[in-house]
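Could you put the whole structure together from the sequences, leaning on the hints where they help?
FYI, in mature numbering (1 follows the signal peptide of the UniProt record, and there is no 0) the residues of the sequence shown are -17 to -1, 1 to 241.
To be clear, the hints were calculated from the coordinates, so they are not data collected in a lab. Some clues are possibly wrong.
Unchecked claim - Label pairs and their in silico Cβ distance ranges:
#1 Thr159 / Lys138: 21 to 27 Å
#2 Gly136 / Glu103: 38 to 44 Å
#3 Pro202 / Pro173: 19 to 25 Å
#4 Pro208 / Glu106: 18 to 24 Å
#5 Ala222 / Gly137: 40 to 46 Å
#6 Lys138 / Gly191: 17 to 23 Å
#7 Ala222 / Thr159: 21 to 27 Å
#8 Pro87 / Val203: 44 to 50 Å
#9 Pro87 / Ser206: 20 to 26 Å
#10 Thr159 / Asp73: 35 to 41 Å
#11 Thr159 / Ser223: 15 to 21 Å
#12 Ser83 / Glu103: 32 to 38 Å
These figures come from a predicted structure and were not determined experimentally. C-beta: ideal position from N, C-alpha, C; glycine also.
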Amino acid sequence: MKPPLTTVAAAVSTTFAAVLLAMLAACGGQPGRPAPPAPSASTSPAAPSRAAVPSQAATPGQPSSGAPSAGSSAQVLSSWLAYPWHWPNDVAAPGRVTHSPAVPPVPELVQISVGSHPAESGERPFERISFTFTTAFPSYRFEFAGKLVSDPGGKVIRLDGQDVLEIVFTQAQAHTADGTHSSIISQPAPRIGYQRMADYAQAGDFEGVLTYGIGIIRPVLQSNPQFAVRAYEVETVTASGQHRHTVAIDIDAGNPGR
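Rendered as structure tokens:
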């Protein structure tokens, strides 16, 4: 039986915010085919609803006053834990975070990045995939789905590994407002090749619903461990004044029973 979720601190320190930005900046990958940049945005997100996780009380941290990480032109405004380490398929505490962005404009996905982080300073090893949007944070849910199905169409999309972590954003899109181009400026190659995350694919970008799947590698082929997942949210501002909203999904790369 898994232990109950621990209470999340009410605010994230500015030091941690700077560290988190450095970790996000380090989550690199081979860039995808560039698309025209999304328009600048300055809309602040509405307060997220996380009632699905009873013990959570996370709120945005104070704006970061530290210098941006090396090689980054962005500064952290706030960051917070949106969903603590937990198995997202737990019906009592599902992997779901709700926002109410003012639309239009619909938040556009501009960047995907991945990174592998070894265990250090008491933190478990984890692997991260991050999604960065314009204007605001969309709502999203994530769960282990066994397979990835295209939306619309219902076609099964093949991924490596023995399971799939499905991530569904609502009130979000990966194309420009006129529908003529992808809004994604950079993204890694589909093949990730980490210990836990094998690869990823987009499964849908239709009527404000944006779906991705991550191929998950189990430590033992016939096992079905309950991998813990967590979600961080980070709001940054670029040197040109564009606000960016990053959802970082972390997957436990250590012992699934922790």
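How the hints compare with the structure:
1. Checked against the given bound of 21 to 27 Å, the beta carbons of Thr159 and Lys138, roughly 25 Å apart, stay inside it.
2. Judged by the Cβ atoms, the range 38 to 44 Å given for Gly136 and Glu103 holds: they are separated by roughly 43 Å.
3. Hint check: Pro202 to Pro173, Cβ distance near 23 Å, so the stated range 19 to 25 Å holds.
4. Evaluation of the 18 to 24 Å hint for Pro208 and Glu106 yields a pass: the beta carbon distance comes to about 19 Å.
5. At roughly 44 Å, the beta carbons of Ala222 and Gly137 sit within the given window of 40 to 46 Å.
6. Against the hinted window of 17 to 23 Å, the Cβ-Cβ separation of Lys138 and Gly191 comes to about 21 Å, which satisfies the hint.
7. Checking the proposed 21 to 27 Å range against Ala222 and Thr159 shows it holds: the Cβ atoms sit about 23 Å from each other.
8. Between Pro87 and Val203 the beta carbons are some 47 Å apart, a value that agrees with the proposed interval 44 to 50 Å.
9. Taking 20 to 26 Å as the suggested C-beta distance range, the pair Pro87 and Ser206 does not conform, at roughly 45 Å.
10. Our hint of 35 to 41 Å for Thr159 and Asp73 holds, since their Cβ atoms are close to 37 Å apart.
11. Hint check: Thr159 to Ser223, Cβ distance near 18 Å, so the stated range 15 to 21 Å holds.
12. For the pair Ser83 and Glu103, the supplied restraint of 32 to 38 Å holds, since their beta-carbon distance comes to about 36 Å.
Hint 9 from the earlier list is the only one contradicted by this structure; the remaining hints agree with it.
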